[in-house]
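Enquirer: Sequence:
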Amino acid sequence: MRAGAVPSRTDLAVGEGDRVPLPYPSGWFCLALSREVPAGAVVNRRFMGRDVVLYRTRGGVLRVVDAHCPHLGAHLGAGGVVDGEHLVCPFHRFAFDVEGSCVKVPGGAPPRATLAQFTVRERGKIIYVWHGHDAAPPVWEPSETPDDRFAPAASWSTLLASHPQEVMESFVDYRHQPVVHSVSLREVTPPVDEGPLLRISFSAAIRLSVGLATIRVDQGLVLSGLGLASGDVTLHQVGMELGVLLTATPVGPWQTRLRVVAMTEAASHADSPRLRKAASMSWSAVAGQALVRTIAHQMGQDARIWNSKRYEPHPQLAPGESAIDDYRRWVRQFYPPDTWPTGTS
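Read in order, the letters of the sequence shown correspond to residues 5 to 349 in the working numbering.
A portion of the hints provided could be inaccurate.
What the hints assert, rightly or not - Distance ranges between label pairs, derived from CB positions:
hint: 1; residue 1: R116; residue 2: G83; range: 23 to 31 Å
hint: 2; residue 1: G111; residue 2: P340; range: 41 to 49 Å
hint: 3; residue 1: T118; residue 2: P323; range: 29 to 37 Å
hint: 4; residue 1: V107; residue 2: V196; range: 18 to 26 Å
Read the hints as simulated data drawn from the structure, not as lab findings. Ideal Cβ positions, reconstructed from N, Cα and C, are used throughout, including at glycine.
Based on the sequences and whatever the hints tell you, model everything.
Expert: This is the structure:
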């Protein structure tokens with residue numbers, strides 16, 4: 005869904021020469037929602053400066069591969085098709101199996117050609133790929149998204165002139181909330197470092213979408229690396245719990261695809277009357293859409309700053325901003341050992 009006139013970029017975006025470069029971090033990053041890659045589909049995406057292709061076989065096997073055929077470089081997302089359990093190149097009809105091996109060519113034996121693959125996970129109807137420095141395999145798994153009670157109800161995305169580290173830092177930059185978003189934080193718990201996970205929780209008074217009353221919101225978030233923030237949102241006045249996902253995927257240098265997904269609980273009690281169930285599901289969907297609109301509006305406010313700000317590797321922090329310092333130390337694990345662009349001293 006699209007949330008009004010929220011800007012994706014501003015005219016103030018600075019040039020790359022004005023920024024301190026941050027390398028791509030290791031971790032899990034969202035490439036698509038599961039529903040965007042049905043069986044038989046071939047889908048193009050941009051990831052860390054290169055083209056990749058997502059496809060799902062007729063049997064339901066999901067793969068993410070390099071977009072170019074190792075034969076003569078044809079783009080598999082420009083006319084490539086799924087044939088049963090194979091991905092077929094549009095140029096010479098070379099067919100690749102789910103392990104990336106070329107297994108069939110017209111009129112002869114296949115060469116020993118291998119299609120480069122990415123490690124992929126599908127969690128909570130979200131598709132993630134792994135990036136490890138020097139092709140290192142995954143050393144941790146993406147955190148569990150809101151449990152099976154929840155399903156995606158609404159989503160929104162935009163392209164930022166920023167970096168995932170900058171985006172995720174906003175969750176521990178508590179002082180910007182009342183200034184940029186007019187959000188009153190009532191209770192904040194210091195972030196808890198759990199290796200590749202960082203747990204954050206706070207209470208706030210927010211206006212859930214334009215025109216609605218201000219309500220109390222309790223939110224617990226888990227940062228799973230620099231690509232995913234997931235958690236539960238409790239809306240006290242309406243007695244509802246929602247799930248929320250925010251993903252930040254680097255598509256190129258200082259280009260990040262931000263996605264917001266609201267996960268709502270479907271009423272499924274067997275003893276509930278049909279009309280009550282329908283009404284509950286309808287209200288849940290409305291609440292999910294309102295949550296996405298609210299977060300999208302806030303992300304639009306942040307985007308005006310993200311798209312024009314400079315990354316400051318040694319910030320001069322004020323008293324009460326220790327969470328930012330904690331965050332900067334935590335993110336170091338996602339970069340090569342000889343790269344420490346994240347310190348505060």
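Enquirer: Hint by hint, note whether the structure agrees.
Expert: Hint check results:
1. R116 - G83: 23 to 31 Å: 24 Å, holds
2. G111 - P340: 41 to 49 Å: 46 Å, holds
3. T118 - P323: 29 to 37 Å: Between T118 and P323, where Cβ atoms are some 56 Å apart, the hint is violated.
4. V107 - V196: 18 to 26 Å: For V107 and V196 the Cβ distance comes to about 48 Å; the hint is violated.
In terms of the numbered hints stated before, the structure departs from hints 3 and 4, listed from lowest to highest.
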